[in-house]
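From just these sequences and the hints, can you work out the full model?
In the order they appear, the protein sequences are chains A and B. First residue of the first sequence: 523, per my numbering; consecutive thereafter. First residue of the second sequence: 105, per my numbering; consecutive thereafter.
No wet-lab data here; the hints were simulated from the structure. All figures in this text were calculated on a predicted structure; none of them were measured in a lab. Positions of the beta carbon are idealized from the N, C-alpha and C atoms, including for glycine. Take the hints with a grain of salt, since some may be wrong.
Claimed, not checked - Label pairs and their calculated CB-CB ranges:
(1) Pro598(A) <-> Asn109(B): 53 to 63 Å
(2) Asn109(B) <-> Asp787(A): 29 to 39 Å
(3) Gln147(B) <-> Ala782(A): 19 to 29 Å
(4) Thr846(A) <-> Ala148(B): 20 to 30 Å
(5) Ala703(A) <-> Gln147(B): 48 to 58 Å
(6) Gln147(B) <-> Ser843(A): 52 to 62 Å
(7) Asn109(B) <-> Asp646(A): 19 to 29 Å
Claimed, not checked - Residues from chain B shown here face chain A by an in silico Cβ test under 7 Å; the list is partial:
(8) Asn109
(9) Ile111
(10) Ser119
(11) Pro120
(12) Leu121
(13) Gly122
(14) Gln127
(15) Arg135
(16) Lys136
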Amino acid sequence: MIRAVLYLNQFFGGLGGEDKADLPARLTEEAVGPTKAFNAVLGDRGRVVATVICGDNYFAENIEKATREVRDLIAPYKPDLLFAGPAFNAGRYAIACGAVCKMAQSEFHIPAVTGMYRENPGLDLYRRDVYIIETGDTARFMAQVVGKMAALGTKLLGGEKIGSPAENGYFSRGLLANEVASKIGAKRVVDMLLHKLRGEPFESEVARPAYDRVRPAPPLKNIRSARIALVTDGGLVPKGNPDKIEMATATRYGRYDITAKDTLDPSEYEVNHGGYDSVLVRQDPNRLVPVDVMREMEREGEIGALHDRFYSTTGLTCIVSVMTELGKKIAENLKEEGVSGVILTST
Amino acid sequence: MVGSNRIVPAQKIVSPLGNPALQPEDEKAMRKNLVRKALEVLQAYLDEQKVFP
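Dropping the structure here:
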């Protein structure tokens with residue numbers, strides 16, 4: 523008999539709305555809210571032995587503490603399986619659901635399943651660690667979602683092979699699994715191309731990364747008093763690459779002092795970038811990071827100041843999400859350092 | 105186009121702000137012009153990605 527535990531927020535737990543979002547976690551053995559739906563789906567195979575209810579604000583404002591409290595409430599029940607939510611499009615609820623599922627996996631070593639809408643900000647936070655069933659944006663389809671959550675949960679519990687996201691209705695977790703296909707790759711790709719050429723639908727085997735759009739920054743004012751920084755993804759680093767920036771798929775950046783330098787001396791730098799022939803830049807690093815002309819323009823008052831360090835990383839086969847993070851950190855550093863404009867040279 | 109909103113096309117991948125075919129002083133002048141262009145572009149208003157050739 524499967525013993526399941528369900529995590530709900532204050533609303534689905536029947537305790538109230540936003541006015542009750544500060545309630546700390548508590549447990550009930552009563553079948554509240556979606557508990558009934560889970561019990562109906564589990565039928566003879568099992569039931570929800572306990573339901574934990576916690577206010578969304580209480581959880582989101584004290585994630586670690588609340589997670590521990592939920593864990594301690596659940597522990598005596600020794601569940602086999604945990605369900606959380608589903609959270610649909612509720613962001614704070616999703617954070618709680620993701621955290622509780624993650625905790626159940628790591629502390630109780632039991633399978634855990636939750637559900638979220640594709641735009642829920644909690645999705646990207648937890649999709650790699652937790653099985654998240656795709657839901658609509660409202661609770662209208664609760665029964666359907668509960669069915670999918672229970673189906674996946676019982677499969678996980680039974681140690682069955684979990685197929686693709688599409689088969690089970692969960693969001694892809696960023697995992698690659700080897701499979702033997704009935705047709706070789708060459709045949710599959712040609713078939714795909716033929717469908718495309720005929721205007722027929724086809725499905726790519728690899729999803730293309732989605733690039734978002736960033737709103738342009740407002741125009742720089744007062745250039746003659748502005749501090750301008752030089753940034754590059756051409757992999758220019760001091761000799762010896764002290765920050766050990768990778769020559770491809772970089773995960774780091776460096777900041778290199780150019781205080782009082784009128785130019786970049788080739789004997790002090792090297793290029794650590796596997797994607798272009800760097801001989802010209804090594805001969806004269808100003809061809810990548812134009813310290814020489816920027817310093818002149820600073821002297822002549824065309825800009826307020828050339829920032830005293832340049833930032834560098836290697837832009838080759840990089841992971842978009844990693845680079846987004848590095849970019850954010852560099853921008854934060856630059857803002858703290860009083861920089862108002864950047865010239866980024868890219869190879 | 106991916107990424108940057110303000111784009112100034114530069115020389116070559118292997119030397120964005122350089123040109124070995126030029127004499128050093130001319131190369132430096134070319135570099136200064138390109139960088140000046142970049143500074144002008146920083147001062148331009150735009151509401152979507154634009155290339156400034």
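Which numbered hints fail: 6, 9 and 14
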